[in-house]
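> Sequence:
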Amino acid sequence: MKSSRPTPLFRSVPVSVGNVSRAVLRGAVVAGTAVALAVPATVSTAVTPRVTPPGLSCDTGKHEIDDYTGYALCRNNGSTAQTFWVHLVCGWSPDMDGEHVTLNPGQSGQSTAHCAGLGTGIGEISVQP
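The opening position of the sequence shown corresponds to residue 1 in our numbering, with each subsequent residue numbered one higher.
Treat each hint with caution, since some may be false.
[As the list claims (entries may be wrong)] Straight-line C-alpha distance at most 25 Å; calculated SDA-like pairs for lysine to any residue:
1) Lys62 - Asp97
2) Lys62 - Pro94
3) Lys62 - Gly119
4) Lys62 - Ser108
[To be verified] Quick list of the computed label-pair ranges, beta carbon to beta carbon:
5) Thr120 - Pro54: 30 to 36 Å
6) Ser79 - His114: 32 to 38 Å
7) Asp95 - Asp59: 18 to 24 Å
8) Leu118 - Ser79: 40 to 46 Å
9) Leu118 - Pro54: 17 to 23 Å
10) Pro94 - Pro129: 32 to 38 Å
11) Gly117 - Gly61: 41 to 47 Å
12) Leu118 - Pro53: 30 to 36 Å
13) Thr120 - Asp59: 22 to 28 Å
Keep in mind that the hints were calculated from the coordinates and are not lab data.
Keep in mind the model is a prediction, meaning the values are calculated, not measured.
Just so you know, even glycine gets a beta-carbon here, dropped at the ideal spot from N, CA and C.
Required output: the full structure, derived from the provided sequences and hints.
Structure, rendered in structure tokens:
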């Protein structure tokens, strides 16, 4: 016996990006017509720090005045020299990496990067080893 319940126009599909899991709505074809679905360019627009490389303690964030500029300010707490740089996920624009900074034990330094002004701004900031 066929169910009288109508076919849903959208269904939730689990999607994982990195360590973030989200449910994304997926469209269906109804009576020969495709249902349009707008999917965002990035899953998350919140600035979320990632795991810091061993031996470094870092603070990351957006510039106080310019939401398209991000930074990583790090201190080397290890016993050997460490190199790091900031990585920005820039939404619709290409992702950007900051300058590579090498710190001796006990030193602090900063790496900055800037997303293109035509994009959606910074979606994520991470520190790369």
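> Give a verdict on every hint.
We went through each hint and held it up to the structure:
1. Restraint check for Lys62 and Asp97: the C-alpha separation of about 14 Å stays at or below 25 Å, so the hint holds.
2. Using a Cα cut-off of 25 Å, the hinted pair Lys62 and Pro94 holds, with the two alpha carbons roughly 17 Å apart.
3. Proximity of Lys62 to Gly119 is assessed by CA-CA distance (about 15 Å); at most 25 Å being required, the pair is judged to hold.
4. The hinted pair formed by Lys62 and Ser108 meets the criterion: a straight-line CA distance of about 18 Å does not exceed 25 Å.
5. Separation of Thr120 from Pro54 is about 32 Å and conforms to the stated range, judged on CB atoms against 30 to 36 Å.
6. In this structure the hint that Ser79 and His114 lie 32 to 38 Å apart at CB holds, the actual value being about 33 Å.
7. One distance hint, 18 to 24 Å for the beta-carbon pair Asp95 and Asp59, holds here, with the actual separation near 20 Å.
8. Take Leu118 and Ser79: their Cβ atoms lie about 44 Å apart, and the range 40 to 46 Å holds.
9. With their beta carbons about 36 Å apart, Leu118 and Pro54 fall outside the hinted range of 17 to 23 Å.
10. For Pro94 paired with Pro129, a C-beta distance near 21 Å fails the hint of 32 to 38 Å.
11. Evaluation of the 41 to 47 Å hint for Gly117 and Gly61 yields a failure: the beta carbon distance comes to about 19 Å.
12. At about 31 Å, the beta-carbon gap between Leu118 and Pro53 stays in the expected band of 30 to 36 Å.
13. For the hinted restraint 22 to 28 Å between Thr120 and Asp59, the CB-CB distance of approximately 23 Å keeps it satisfied.
Checked against the numbered hints above, the structure breaks hints 9, 10 and 11 and satisfies the rest.
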